[in-house]
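Chemist: Order-wise, the sequence lines are chains P, Z, V and G. The opening position of the first sequence corresponds to residue -7 in this note's numbering, with each subsequent residue numbered one higher. The opening position of the second sequence corresponds to residue 70 in this note's numbering, with each subsequent residue numbered one higher. The opening position of the third sequence corresponds to residue 14 in this note's numbering, with each subsequent residue numbered one higher. The opening position of the fourth sequence corresponds to residue 138 in this note's numbering, with each subsequent residue numbered one higher.
Treat the hints with caution; some may be incorrect.
[Stated by the list, open to error] BS3-like mimics (lysine-lysine), calculated; alpha carbons at most 30 Å apart, straight line:
1) Lys375/Z to Lys350/Z
2) Lys206/V to Lys510/G
3) Lys393/Z to Lys435/Z
4) Lys231/Z to Lys375/Z
5) Lys180/V to Lys478/Z
6) Lys299/Z to Lys171/Z
7) Lys180/V to Lys474/Z
8) Lys257/G to Lys117/P
9) Lys206/V to Lys575/G
Hints in this document: simulated from the structure, not taken from any laboratory.
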Amino acid sequence: MVNYVIKRSVYGLIVLLIMISFVFIVMRLVPGDVVALQLSGAGAVSEEQIAQLRSELGLDKSVWAQFLDWTKNAVTGDLGKSLWSKMPVTTLIAERITVTLQLAFMAITMAILIAIPAGIYSAMKRNTWIDHMIRVIAIGGLSIPNFWFALLLIIFLSLFFGWIPPLGYQSFFSNPIVNLQQMILPALVLALSLSASIVRMTRSSLLEVLHADFIRTIRAKGAKEKLVIMKHALRNSLIPVITLIGLQVGFLLGGTVIIESIFSLPGIGSLIFEGVTKRDYPVVQATVLVYGALFMIVNLIVDIAYGWIDPRMRPD
Amino acid sequence: MKQSNWLLIIVALTFLLSACSNKSETTSGTNQGKNGSGDGKPKSGGVVQILNPADPDMLDPHKTSSIYAHNILGLVYSKLVTYETGPDVEFSDYNIVPDLAKDWKVSEDGKVYTFHLRENAKWHNVAPVNGRNVNSGDVVATFERIQSIPGHQAYMLDQIDKIETPDDLTVEFHLKQPFAPFLSYMANHFMWILPKEAAEGKINLETAAIGTGPFVLDKWERNVETKFSKNPDYFLEGLPYLDGVNFKTVPDEDTRLAAFRTKQADTTGLLSPQQFANLMKQDPNLQYRETLFPTQTQVYMNMTRKPFDNLKVRQAIAMAIDRKNAVKQIFGNGEVSGPVNPSLGKWALPKEERESLQPYDIEQAKKLLKEAGYPDGFETKVMVTDGYGEATVRMAQWVVEDLRKIGIKAKLEVVEYATYFSQKWPKLDYDIGVGFQSYLQEPDEWLYGQLHSKGAKNWYGIKNPELDKMLEEQRTVMDEDKRLAKILDIQRYALKEVVNPIPLVTHITASPTQPYLKNWNTHASYGMIHMKEVWLDKK
Amino acid sequence: MNPAPQINPGLPNTSIKQLSTKRIRLRKSLDETKRFIKTQKIGVISLSIIMLFILLAAFAPLIAPYDPIEQDRSAFMLAPTAAHIMGTDDLGRDIFSRIIFGARVSLLVGIATVAISMICGTILGVISGYFGKVIDMAIQRVMDAIMAIPPLILALFIAALLGPAIKNVIIALTIVNIPHFARITRGEMLRIKEMNYVEASRSAGSGALRIIAKHGIPNMMAPIIVIASLTFGQSIIAEASLSFLGIGTPPPNPSWGLMLSGASSYMENAPWMVLFPGLVLSIAVLAFNLLGDALRDFLDPKLN
Amino acid sequence: MEKSTILSVDGLKTVFQTRHGYVDAINDITFTISQGETVAIVGESGSGKSVTALSIMKLLESSGQIASGQVLFNDMNLAELSDRKIRDIRGKQIAMIFQDPMSCLDPLYTIGDQIMEILKIHEDLTPAEADNRVLELLKLVGIPDGETRRNSYPHELSGGQRQRVMIAIALACRPNLLIADEPTTALDVTVQAQILGLLKQLQADFGTSIILVTHDLGVVAEMADRVIVVYSGTVVEQSGVHELFSKPEHPYTEALIRSIPRADTDRTAPLHIIRGSVPGLHEMPSGCRFHPRCDYATEICTQQEPPLFHLESDRSSRCWMKDGSLAKEFQHRLNTDNLDSRHPAPPNDAYTASKKEILLEVHNMQKHFPILKGILSRKVGAVKAVDGVSFEIFKGETLGLVGESGCGKSTTGRLILRLLDITDGEVKYGGINLAEFKGRQLKEQRKKMQIVFQDPYSSLNPRMTIGDIISEPLEIHRIASGSEKIRRAGELLEMVGLSSKDVYKFPHQFSGGQRQRIGIARALATEPELLVCDEAVSALDVSVQAQILNLLKKLQGELALSYLFISHDLNVVKYIADRICVMYLGKIVETADSETLFTNPTHPYTRALLSSVPVPDPTIKKERIILEGDVPNPAKPPSGCAFHTRCEHAKEICKSKIPEFKQMSLGHKVACHLIN
């Protein structure tokens, strides 16, 4: 098991390295210069001053040298400082990551809690009107852009109920009630499209498992349908569902960028966008790194969950 | 979360100086609104809730030019001099009044400025300054720091020869030559006076702000909330009224509006005319203040490229644009602007003159084009960035449509902000551009900066020796009226002979506040310098 | 079957033969089409909707009553009337015309994204699956690296760096979608590689190129088509999301996403500015999703 | 012998809903089973035998339902029972075991859990009692060490053990009736012998009645008391097992029995065949369903469906011939057709006539698949799929390669064709080491050797027309293109007994047997000298299998082909092969010509293997050598003689020393220490 995790981590590091080199190089290739941006309003800035700022920001070296420096520091846990706020990037991310994590966690949990029962129900009531309804809602959920849904939600809530979630993010530990008031709607919006795909996957996967030979064995034992589905069919149909969740986490994390902004949540989503437009290289690099690492951790969890569900997939 | 909201941290235009005031009826055209009356005795207490579209990167006033940073800093710091605010003062009145300096004196030759500091000015009671008195050493340390850091503010001080401190409460600035804008520059938001401990590095200016202003910074929770509490030792007796001010970061415009509607905020920023109308419909008791925007939309042309080197072409373009309808449709309300933005009050040309010098005349425009040798127009590109928000992009689309009417086939090119600002505009890599200028506060910045052949922001290729001479001359005229006459002349000259950049419109923004928010006398400069007088009329 | 061999009475001549090979394929696809129409009612409906959008896009200049960019300075934000059946927007442009022309942008983004990422992804996936070993390792790690960045974040990163332009949106979404195709096609190639008909072909002496082209790709078209159809819908949403962030389709191009994202502040005053683009966008995405579902059912050998 | 009837099925009809409407899967199935009796339901694929089994228990998929008829069990009509009531019967009174024990056990739960589950459903036991019962059951079905084994997951067990677990589950509640649906089809013969033995033993101990569903007449002969022969969803004959084999009363039964190659089948004569193939549910012929394939069919057979005629001694047959009034008509047909003469023997003397010229020589061939592990994919071992194999193939002969699954026989075939690369050793073709062939040369060489696969479905590219499939080798080698190519493809199709018009069809339009013919046609396209037939008839119904075997023989005669015939079915190999190699765990343990091997098997493994094969003749009761345990893991083969772990004669030397290949007589070699 430990070996397995180590092996996965090594792969993960390789992937992260490829990812970060891509980000590192692309950002420096495209037009747009952070020094020019920072001095944009000033106008009368001498060449020396530009050079001074450039060297202060560590941008006077070659891209290759910068990359080596950055990688070396990154290994020691130092992801550099923001070129704009001068704050250590790790601090910036630490301040915000809990928000994104909580949001993602809540969204995934809600999606699972809504979607898996709905998927089971839909499969059991196959081809009835309730099955059709669940399927229509599910596919509808995939067809509405979530920023759109979020905006309509905010506008309607404020217009018709005179209420929107309280502003000024509070962490769960400092004020759980306010925190939940703030998080539940955005999590719901994010959960929408995720649960749509989970419902569909649960349904089709369950239906497929219900055709498997061993289900016949269990029925031949005289088992009730509830036992057949809840104990055997469901667990057997979970693998593709979990795979899907692992993949969809990427979409979900991407969605946080917009949703965090609409609901004024200080997550890492906006950090990267701001970083890209302001050419704040260390911030973007670190944020991408964090997203990559998150994705990998999620998929490691997914892999471990595979083993937990299916003894055949347990690493020796 | 339109992209603008993040980008504006740099040039910060969308954020409408959350302006609204209970101004008295003496307003002129620039400053109208339905005001909750400012009568009644100010009450102390209460906390004002303000929404910011974005949070500053850092708080060092000399390393950031973000309006969000300076608005926060304005509550904490003081300048030597500042602009007047109050019920009788207009948003765009640039009356210089004492701040940290109780008075000042200009020498006969205009080369020495002497400031006398207040005896009762104390630093906030926070380590390491712990409420000690302000002295001239702090001022010198501050200015030396400004001069040592590359940035927007350095050029304002490039006329200073030396700074002297005859005693603890006196500071003398010796200039290389007479320099009329100097006092305005001293009132500029970059000139916040810091304790010398800060210059010595004992305070981390990137995250902390310890000053002499009406409020003390309690907590800066990045991207969430910034909290201020009343400074009990503020040098102006009885001020401030408020117990505190809270800024919250809310990036999305619709969410900000929703928050205001649901009373989670006491004021809200930029609104479209429709949004404003809806708000008023919903709650007729709302106050609002209409103010001229501190900068204007301009169309600028690259004079190093043909055919824009041709004055007649530029004149034709200027005449082709339907400014009045544009400002009405895109911004709801506003004025035709001039080379100096009308928000600078008397320094701008009078409204009638701006309009008469810049007529909307398609026939004449076509004729001019024909004379210039382009009877069938020409093809060109109009550059715009979405970094300023959607309104600018809409304005650019408007301009493109107008140009089409006189035969100029212009293709709109939306440019990414970083590229726009570091590659395109300053490097003159464009044909025509539509954009904003920064919130410039001094006519010299508007004119010398943009029009002088060596101007810091002359990114248009303007080279006009006669104009250069006029621009240099006005800087040395110490008499305000005489300088004003010259400034107005320069503007008339520019509108007739240069026609680049073409001023389009300055819009009027209506920003609502909750009825109980009193003395909300905003000013066009950065720093929310009116906050010290604001009070809340509620229990 | 009678196992006794008979002497071949001779076969018809060349040209007829060649023709009938084509005809037989044509007939097969006709049969398939008939079967699709018979068994996939929802698929047919969504396909018709998509066809409608394609027609709208193709004949936009003929159908649209107005120029989608031209501003009518006397018709700002008009509610729907006979002259403007979906009303006009804040610059006096006819929304109906913009929606019709917007189909061009949305479909262009969808088609280009799907086509390019499908081609690149399939090539990478097939190479990866067929050759395995180091090549597979290298391609897979790069794909993993792309997939590890959340799709919208990656699209945002690329589009924001490159600036707002339809071309850049397509580049960004293409890069995002390549790994999806690469994954599927790699898996399919691994599966097909083990098929006996591939072994038969190899034992007959065919090389990699032939196996991939003749046996590999034709047999993985079903999952590719399904993924393509779903990707199409997702691309339309992604384009709208990027436009919402201000890094999507630049004005004045009429794009559904742009119309949708720019109009939210007019929700109360001019709901038609928000409603129609949103509706059209969702219907289009829904149609592609439903088509993907129908194709999945149709092409799934288990259900045949 | 008369015992009480416990189940009686009467006129059972089950229909399935398909896209084309309802189709009959079974129709008018009638039979009874008595206490302690074993009734076999036998038929080819698609005959409805499994549907019959599932209908009794009402375990059909949701698209299937019983349309009419009754299933009487203890005076209850199961066909009309509510779901709740029939659940009480399932597992408790009637139990079922299925074909593939891998897919029939839930892979996610331990076997102990799955045995326990049925006890929990039907019996009210304390946990301790239930635990004991689980251990008892495991012991009963021959799984030793139950205490630890109960915690195993299905995938950790061998096929045989899994089937034992299935039996344990089935017998957990001591049911009166056990329905076994192809219980040994997925197993190797040696394991099949174990399982059949176990079933017999348990039946003797508990007196359980068994309905045995199978396609294997050998298994029928071995196990059944009575036999129900089903064809196309209906019973065609019902009879005691001895009577059935000695005097089949239905032409189908007769043809079926005659078409199976047996140990005593004449190798030089072609097999009797049943022409055509089992009709699909949608293309059911009118009249007697068998008439299109029947040699005796007359007018009435094509028009009217015959009833089940009851004959003497409890037998019945669904054939018009049994209708006394029609006897004359059939007499005519019986007289005019001499069955054997209708299919003249193909000239099959290519091998004997040849001068024993070596075509292919394999010397000490090895194939090790590395086992990779850890972060850096270190090689930690190897699966020795083929571990030093030597043999030769003469021109024009058929070399049979037999062995149980996983013994490396298929790998051997692929190594010869260079579809896999050899780890060590050499393969010489026409005297040249194949490894020396590169590029163009290899491509040329490939023309000479082709392969025919087992699975007729995956061996044809479903997206290509038959013409394209067959002519692909021609295109690759630029032998023909355009119309010439298509013409050649047509010729090849005719050669394998299909129509040249089929070039424009797609694979899905053909039956399994036809596809196999297409596969053969493709293999013949480059006019090869050697065909590797990898289980080429294993997936086919017996009636079709005979057609293909005959075809292969005929082609060999016509084209002077050499075959490497890989199969697990000893009788088939015996029939087609001139010489046979027996493989066990990657090694050849015995080689001999086929007569010698069957009459004088020498290696203990060969002997066990031969004795395990059920003979389709209930009169023969042969002494059976039942091998214990399973084939060891090829990644960790036993030391010395790989067979020693299962060999009842094993001595010390067998554990330590690898036996040499010793010549017994001309062409008969054995690798065993016990032979001197």
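Chemist: Work down the list of hints and note, for each, if the structure agrees.
Modeler: A quick look at each hint next to the structure:
Between the alpha carbons of Lys375/Z and Lys350/Z the distance comes to roughly 51 Å, so the proposed pair goes past 30 Å and is violated. Of the pairs offered as hints, the one joining Lys206/V and Lys510/G holds, with about 24 Å between alpha carbons and a cut-off of 30 Å not exceeded. A C-alpha spacing of about 20 Å is found between Lys393/Z and Lys435/Z, which places the hinted pair at or below 30 Å, so the restraint holds. Simply put, Lys231/Z and Lys375/Z have alpha-carbon atoms about 46 Å apart, too far for the 30 Å limit, and the pair is violated.
Pair hint Lys180/V plus Lys478/Z holds up; C-alpha atoms about 22 Å apart against a cutoff of 30 Å. Proximity of Lys299/Z to Lys171/Z is assessed by CA-CA distance (about 22 Å); at most 30 Å being required, the pair is judged to hold. Between Lys180/V and Lys474/Z the alpha-carbon distance is near 29 Å, which keeps this suggested pair within the 30 Å criterion. Straight-line distance between C-alpha atoms of Lys257/G and Lys117/P comes to about 27 Å, which keeps the hinted pair within the 30 Å bound.
Restraint check for Lys206/V and Lys575/G: the C-alpha separation of about 22 Å stays at or below 30 Å, so the hint holds.
Of the hints listed earlier, those the structure fails to meet are numbers 1, 4, in rising order.
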